[in-house]
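Engineer: Since the structure of chain A is already known, use the hints to place chain B on it.
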Amino acid sequence: QQQVKQSPQSLIVQKGGISIINCAYENTAFDYFPWYQQFPGKGPALLIAIRPDVSEKKEGRFTISFNKSAKQFSLHIMDSQPGDSATYFCAASKSNYQLIWGAGTKLIIKP
Amino acid sequence: GAGVSQSPSNKVTEKGKDVELRCDPISGHTALYWYRQSLGQGLEFLIYFQGNSAPDKSGLPSDRFSAERTGGSVSTLTIQRTQQEDSAVYLCASSLGLAGYNEQFFGPGTRLTVL
Numbered sequence: 001q002q003q004v005k006q007s008p009q010s011l012i013v014q015k016g017g018i019s020i021i022n023c024a025y026e027n028t029a030f031d032y033f034p035w036y037q038q039f040p041g042k043g044p045a046l047l048i049a050i051r052p053d054v055s056e057k058k059e060g061r062f063t064i065s066f067n068k069s070a071k072q073f074s075l076h077i078m079d080s081q082p083g084d085s086a087t088y089f090c091a092a093s094k095s096n097y098q099l100i101w102g103a104g105t106k107l108i109i110k111p
Numbered sequence: 001g002a003g004v005s006q007s008p009s010n011k012v013t014e015k016g017k018d019v020e021l022r023c024d025p026i027s028g029h030t031a032l033y034w035y036r037q038s039l040g041q042g043l044e045f046l047i048y049f050q051g052n053s054a055p056d057k058s059g060l061p062s063d064r065f066s067a068e069r070t071g072g073s074v075s076t077l078t079i080q081r082t083q084q085e086d087s088a089v090y091l092c093a094s095s096l097g098l099a100g101y102n103e104q105f106f107g108p109g110t111r112l113t114v115l
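Line order of the protein sequences matches chains A and B. Residue 1 is where the first sequence starts when you use our numbering, and the numbers rise one by one after that. Residue 1 is where the second sequence starts when you use our numbering, and the numbers rise one by one after that.
Extracted from the complex, chain A is given alone in its bound form (with noise of 0.2 angstroms):
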């Protein structure tokens, strides 16, 4: 009940296209959910995060969609460039309590 299921394991997008990542989980009581974006050789470091009272989130290229019914949430990166290639972790986490993280996603965009 307190595993966060991430797809795909990795993702091949053309420059310019929509990269979606997508993430569930099973306990109720978690309420926030944050991205991570790792690149080669770095540590993970935050790049978006949601609070269950709202649907959705963006911050530039970078979408959040929450799910409540569902218990889903999912990253859309829109026009996506070559920079946007690392590997992605979405993770959930309930107050006094640590992360519960997904088991990544490699997204490549080809140029």
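Possibly wrong hints are sitting among the right ones.
As the list claims (entries may be wrong) - Straight-line distance between alpha carbons at most 27 angstroms, and here's what the computed DSS-like set of lysine-lysine pairs gives:
1) A:K94 <-> B:K57
2) A:K106 <-> B:K11
3) A:K5 <-> A:K94
4) A:K42 <-> B:K11
5) A:K5 <-> B:K57
6) A:K42 <-> B:K57
What the hints assert, rightly or not - A short list of chain A residues far from chain B (calculated; beta carbon distances all over 10 angstroms):
7) N67
8) M78
9) G83
Since the hints were derived computationally from the structure, they do not count as laboratory data. Backbone N, C-alpha and C define an ideal beta-carbon position, used for all residues, glycine too.
Structural biologist: Showing chain B alone in chain A's frame:
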């Protein structure tokens, strides 16, 4: 200001040797985490320190692994009698406070290779 730093950046050791990995968190961050990331894999939680509370050691894979945090700042992860399966990147992260809602800031990691 300075981010999370880790040393060494690379460590090659022989099977059976002990290794120590160091993490310097961001000043003022009370929470510190250690993760392990095998090649192309996700983040495996190892241990979590929060202030003066007892650490959450639930992720340590065996009793060969231990960690301490001195003075609420620097942390050392020790692996005794290293095995080849210990080869991975060890990541340290710190955050301002309680784990749930606070952004984790990661260091660059230590790449451990056990021959």
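Engineer: All the hints need checking, so say for each whether the structure fits it.
Structural biologist: Verification of the supplied hints:
| no. | hint | verdict |
| --- | --- | --- |
| 1 | A:K94 <-> B:K57 | 19 angstroms, holds |
| 2 | A:K106 <-> B:K11 | 26 angstroms, holds |
| 3 | A:K5 <-> A:K94 | 17 angstroms, holds |
| 4 | A:K42 <-> B:K11 | 16 angstroms, holds |
| 5 | A:K5 <-> B:K57 | 23 angstroms, holds |
| 6 | A:K42 <-> B:K57 | 25 angstroms, holds |
| 7 | N67 | 21 angstroms, holds |
| 8 | M78 | 23 angstroms, holds |
| 9 | G83 | 19 angstroms, holds |
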